[in-house]
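Peer 1: Please take these sequences and the hints and turn them into a complete structure.
Number of protein chains: 4
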Amino acid sequence: MRAAVLTAKQSIKTVDQTTRSLFDTEVKVRIHAGGICGSDLHYFHHYKMGDFPVLEPFILGHEAAGIIEEIGPGVHNIHVGDKVVINPSQPCRNCEYCIKGRELLCNDMKFLGSSRKFPHIQGMFSEIFITDQKQCFKVPSELSLSVAAFAEPLAVALHAINQAGPLLGAEVLISGSGPIGALVLLAAKLAGARSVTMTDIRDAPLSVVSELGADKTFNVNSGASILTDEDNPRGNFDIAFDASGSLQAVLAAINNIRPGGTLIQIGTFAEANILLPSDQLMIKEIIMKSSFRFDKEFAWAVDYLAKNRIDVMPLLTHTFPMEDANEAFLTASDRENAMKVQLSF
Amino acid sequence: MRAAVLTAKQSIKTVDQTTRSLFDTEVKVRIHAGGICGSDLHYFHHYKMGDFPVLEPFILGHEAAGIIEEIGPGVHNIHVGDKVVINPSQPCRNCEYCIKGRELLCNDMKFLGSSRKFPHIQGMFSEIFITDQKQCFKVPSELSLSVAAFAEPLAVALHAINQAGPLLGAEVLISGSGPIGALVLLAAKLAGARSVTMTDIRDAPLSVVSELGADKTFNVNSGASILTDEDNPRGNFDIAFDASGSLQAVLAAINNIRPGGTLIQIGTFAEANILLPSDQLMIKEIIMKSSFRFDKEFAWAVDYLAKNRIDVMPLLTHTFPMEDANEAFLTASDRENAMKVQLSF
Amino acid sequence: MRAAVLTAKQSIKTVDQTTRSLFDTEVKVRIHAGGICGSDLHYFHHYKMGDFPVLEPFILGHEAAGIIEEIGPGVHNIHVGDKVVINPSQPCRNCEYCIKGRELLCNDMKFLGSSRKFPHIQGMFSEIFITDQKQCFKVPSELSLSVAAFAEPLAVALHAINQAGPLLGAEVLISGSGPIGALVLLAAKLAGARSVTMTDIRDAPLSVVSELGADKTFNVNSGASILTDEDNPRGNFDIAFDASGSLQAVLAAINNIRPGGTLIQIGTFAEANILLPSDQLMIKEIIMKSSFRFDKEFAWAVDYLAKNRIDVMPLLTHTFPMEDANEAFLTASDRENAMKVQLSF
Amino acid sequence: MRAAVLTAKQSIKTVDQTTRSLFDTEVKVRIHAGGICGSDLHYFHHYKMGDFPVLEPFILGHEAAGIIEEIGPGVHNIHVGDKVVINPSQPCRNCEYCIKGRELLCNDMKFLGSSRKFPHIQGMFSEIFITDQKQCFKVPSELSLSVAAFAEPLAVALHAINQAGPLLGAEVLISGSGPIGALVLLAAKLAGARSVTMTDIRDAPLSVVSELGADKTFNVNSGASILTDEDNPRGNFDIAFDASGSLQAVLAAINNIRPGGTLIQIGTFAEANILLPSDQLMIKEIIMKSSFRFDKEFAWAVDYLAKNRIDVMPLLTHTFPMEDANEAFLTASDRENAMKVQLSF
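Protein chains in written order, with this note's numbering: chain P, 73 to 417; chain X, 73 to 417; chain U, 73 to 417; chain R, 73 to 417.
Calculated directly from the structure, the hints in this document are not laboratory data.
All of these numbers come straight from a predicted model, not from anything done at the bench.
There's no promise every hint is true.
You can't tell identical chains apart in this list, so a pair holds if it fits in one copy or across any two.
Unchecked claim - Keeping only pairs whose Cα atoms sit at most 30 Å apart, straight-line, the calculated DSBU-like set for lysine-lysine is:
(1) 120 <-> 100
(2) 172 <-> 206
(3) 210 <-> 120
(4) 368 <-> 172
(5) 206 <-> 182
(6) 288 <-> 210
(7) 189 <-> 356
(8) 356 <-> 81
(9) 288 <-> 85
(10) 172 <-> 210
(11) 288 <-> 172
Peer 2: What follows is the structure in structure tokens.
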């Protein structure tokens, strides 16, 4: 079988690899669709993630769906031919955080396609992926695997929504209108947000999210910092999600959150450190939270997709065969033209 | 002007009344549509509400919308010709509960069309209703006043949802598929509930809620108490709403709520006292809450209706002119044929 | 070694038993002190627990502390001679509730000294008790084992407090002034409750809790139902804990909880079904919760006892040697004279 | 009567002023004790507060207690001779935040002794202070007015605790061991914190808080950033309070908060902007909140002081007559020697 291996900055090579036989509860999945995420792009361009350099060529990919090709002797409830989407989150289930039910904070997380550990945890951008049955979530046979592969980024969005508490009645601001921002929009509407206002520094993604249902959009490239209406000079958003990783966007959000409101940071910042206006945070008693990956929301995402409660297809702008992975990654980096880009295998 | 006055059990008379001039911040509303609620039916059939007898003929009606006909000299932001829906909740804004922001618990609530105080607080089933501007919520001119008059019962449903916390990812059970149960269904879906299962003791309302989006429906007339799937014998509903006021329904709900789940009581019980299974509540640590009327959710309801986020029209099965109020009340009492019945003026 | 075996109603026999060798991570504990709990008394008098009859003679006891006498080869951090208190809660750590971090709701709980499963799970009223190291919590060598044996009932009280949310600033009502009620008092004060009012139907326990710090006490034997001050006729308690299992006490609590307040049921009701005033619950939007055993609070209880943050000794009114278990149980049943009764081994 | 008027940087002058007659619900209080707060010191040294310069000489002081000397004709429940402490927080009770019960976020707050509005709101460092009866909280006649004057800073501490949610079972870190840090310690213990670790850059305040009950203290002057135990390299504090306003302290706190933990910022930062480690906040999903003044906690503070539940006297290191206000402020600025400094009148 072949895999798309990241070997250096901006270099992904298609490499032949051998597969192995299955252990007891393992399954062999033939991958059909794999989405490229912002963190994949970061690896591609910088060959590192935050403080964690890539120390050996490795396979990216943590948004993938496929068809079961073979099952181990101890596998139940999953059969050859089933369509599945794979949960890339592999907590240890043994540390204090797993035991408390907060698996995403696991002391020994093995997240697929990540260089935080060494040897690195291989991702799923390959024709065949072997994993334990408990990582696999079945989807209906009539669901497109391209849609199923959205389960992971949708889980990220649902987790962010979950961090915010109930959205019913809430006026919501989302900064950053890329794939995650757009999924947060869909998730916020799913959760009943009263209105969603979105910002970006480019018009193209703003017109996409407008069509997806954003109530208002603002291009903040010019630096406009007050989005709020005149009747509420102290801010009128109950909850702001930052999916941009831009400090300027966070500052604008803080200006526009109402006193007592909440800011949820989803995107990772480009800079290691962020400079925040302490007096504003204090006087308005703004609550700041970060939203890191997801927990139980993966199962929810699969379910909402399976039931067509969320339509992600308008976000899928490009699909490339795995052989053209480099072109796919470059396309995904062009936020003027691309939203979600997937590889096909 | 004429008003529909409840004068005895099952007797509403159309009576001529004089109107008066407006105080400073008052408005005169020409009522167009007024919904009949379960509590109105209770007054109609029993001439009392719980322990509060009707002590003088009075006007029912707390779900009404109309058009502004005249405004007092101190009225701002509302103009003659505006369509408005009237919030029947009139808290004192001065007691400890109002000051804490929990107005529905007000020590001196004057709720329209209620006999809890004497003289009774007159309701809105009349051609003209005078109220303070702060009770009026403008709706778009293109919104039907029949839809606008759903703001109050929808607020009741939204408040119940709000009592439950976030519904994202939740498996929901609603017992009782009358108008309130159906609105709770719409509100639960609006808030992102993963699935909604509904019960009733009649097939007719169950087929209505099926069309409105209930994922599963059960006729529990035969006494079936286990609705839950075999994989979850201890119950698989995260949250149950009771909109039936039936003890049998509450017991079935308790059997089918998962350990750690929540039961929200919306309907008032027919009996004064309810008999609950203490051991089940204990071992499953079930949380029980009651949901009484609404607070800020009235404004939300208006907004969701104005934005067509919720389609209540399938619930409006009958409209009668005010002269036929007695027939309207009898029709509304027939749960086999009617969901929401409105009066027109 | 000898054990105190419950063989029939009101019959505990001291029986010789053989011990076995230890598995990998097991330890052998020489029990020194074991408290008698309300559920033990229920087994003693009724030879059943709720719907679960005793099907074979078995050993009671889930509040016990002792000294490590031997350790298995895989035991770490515990040594021969250590003083330990044993956590009787043995969740499966594998079901959905355990995985969610809600172990007390475990689908397959093996709680020591309980007849809910068959074969019954043996308790600790014996000279020697073998258990896994993870059930053992070390206590300081200077801590009395009689005090250490309070960790379990204190954990029950702390869990009840935890169910209530923050107590800072809260006016608290506790119905039932037996050992659990008294521990809830101590825990409520530990958590900063602004005041604690306690009730009982006997004067003797009320004078004990008065000395322990209850701000007010009421003997409700005469049926007095209004404990609240005249300025707050709708109730002035933010949170009420019922540790009596008496329906009359719960009704009085509901009358005296302020609108929006919370009722936490701790004691199991004598009757299988409880009759509740639905209108009161509705109009005041009272939240009802049950508090069943404990989770992480066991570790907290050990810590608070080890640090002398809570003084439980005034509650220990009697200690009997295990040979006199029947007398001990009869004494513990006499609420006029006894609070907590322990066995010594 | 005489007042202590701030006229320039480091210049307070004792000035004769005339008093006026009382309106309906007003009272005249003869001030006995007034505490100097960190914000008073900031005014004294910088003649501004954040972005709000002092535009006219004005009277500082928002922590004061005294004796009622005269009452207006509409005053109830307060009598001449009563000891009272005055709540300096004067929300409008009419804006959306007041109506929601979040008065501290009031759109039109008139906080005593503050230059945020112009004309500035006069403080209480004067012999006579006239205020509305609703600002006055009676204290027992046997309570020292020096103790009563701690109600305001204690309310600040209680509000910070309240922002954190339940502290039962929590390991707490407090950075900054000045008067506010010390009061947060007392409040955290009152609320049942399992342990409290405190830091400062000076030994003197650390030895004070040690005596007040801090479980561990660290002098972080040398820059030590890891306070956490070796078993928990990712941090072992559930909740950290920053009462230092030092960025270095906040960074150390973030390093030592456990994943999923909470940081409450109480002190205002010296710098307008703070630089935060975004990756740490993200991976540990740390919740950041600010705690600004107080709401209902003022009444609680009065009650806990009146009932001797909190002993603040060890914090009162100096008292100066109002004539020596400049010396008092200089002494209060010397954190090596002073904790709370009060003026007497």
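Peer 1: Hint by hint, say whether it matches the structure.
Peer 2: The hints, checked one at a time:
Taking the shortest Cα distances, residue 120 and residue 100 sit within 30 Å of each other inside one copy (29 Å), while across copies they are farther apart (51 Å). Proximity of residue 172 and residue 206 under a CA criterion of 30 Å is satisfied in both settings, with 19 Å inside one chain copy and 16 Å between copies. Proximity of residue 210 to residue 120 under the C-alpha cut-off of 30 Å is found in neither arrangement, the shortest distances being 32 Å within a copy and 45 Å between copies. In the homo-oligomer, the alpha carbons of residue 368 and residue 172 lie at most 30 Å apart both inside one protomer (13 Å) and across protomers (9 Å), since each shortest distance falls under that limit.
In this assembly of identical chains, residue 206 and residue 182 lie within 30 Å of each other by CA distance both inside one copy and across copies; the values are 14 Å within and 26 Å between. Taking CA atoms no more than 30 Å apart as the test, residue 288 paired with residue 210 passes between copies only; the shortest distance there is 21 Å, against 36 Å inside one copy. Taking CA atoms no more than 30 Å apart as the test, residue 189 paired with residue 356 passes between copies only; the shortest distance there is 17 Å, against 40 Å inside one copy. In the homo-oligomer, the alpha carbons of residue 356 and residue 81 lie at most 30 Å apart only across protomers (28 Å), although the nearest pairing inside one protomer, at 43 Å, exceeds that limit.
With identical chains, the CA atoms of residue 288 and residue 85 are never at most 30 Å apart, being 42 Å at best within one copy and 50 Å at best between copies. When the C-alpha separation of residue 172 and residue 210 is checked against a cutoff of 30 Å, the pair qualifies both within a copy, at 27 Å, and between copies, at 21 Å. Proximity of residue 288 to residue 172 under the C-alpha cut-off of 30 Å is restricted to the inter-copy arrangement: shortest distance 26 Å between copies versus 40 Å within a copy.
Figure legend: structure checked against the earlier numbered hints; hints not met, in rising order: 3 and 9.
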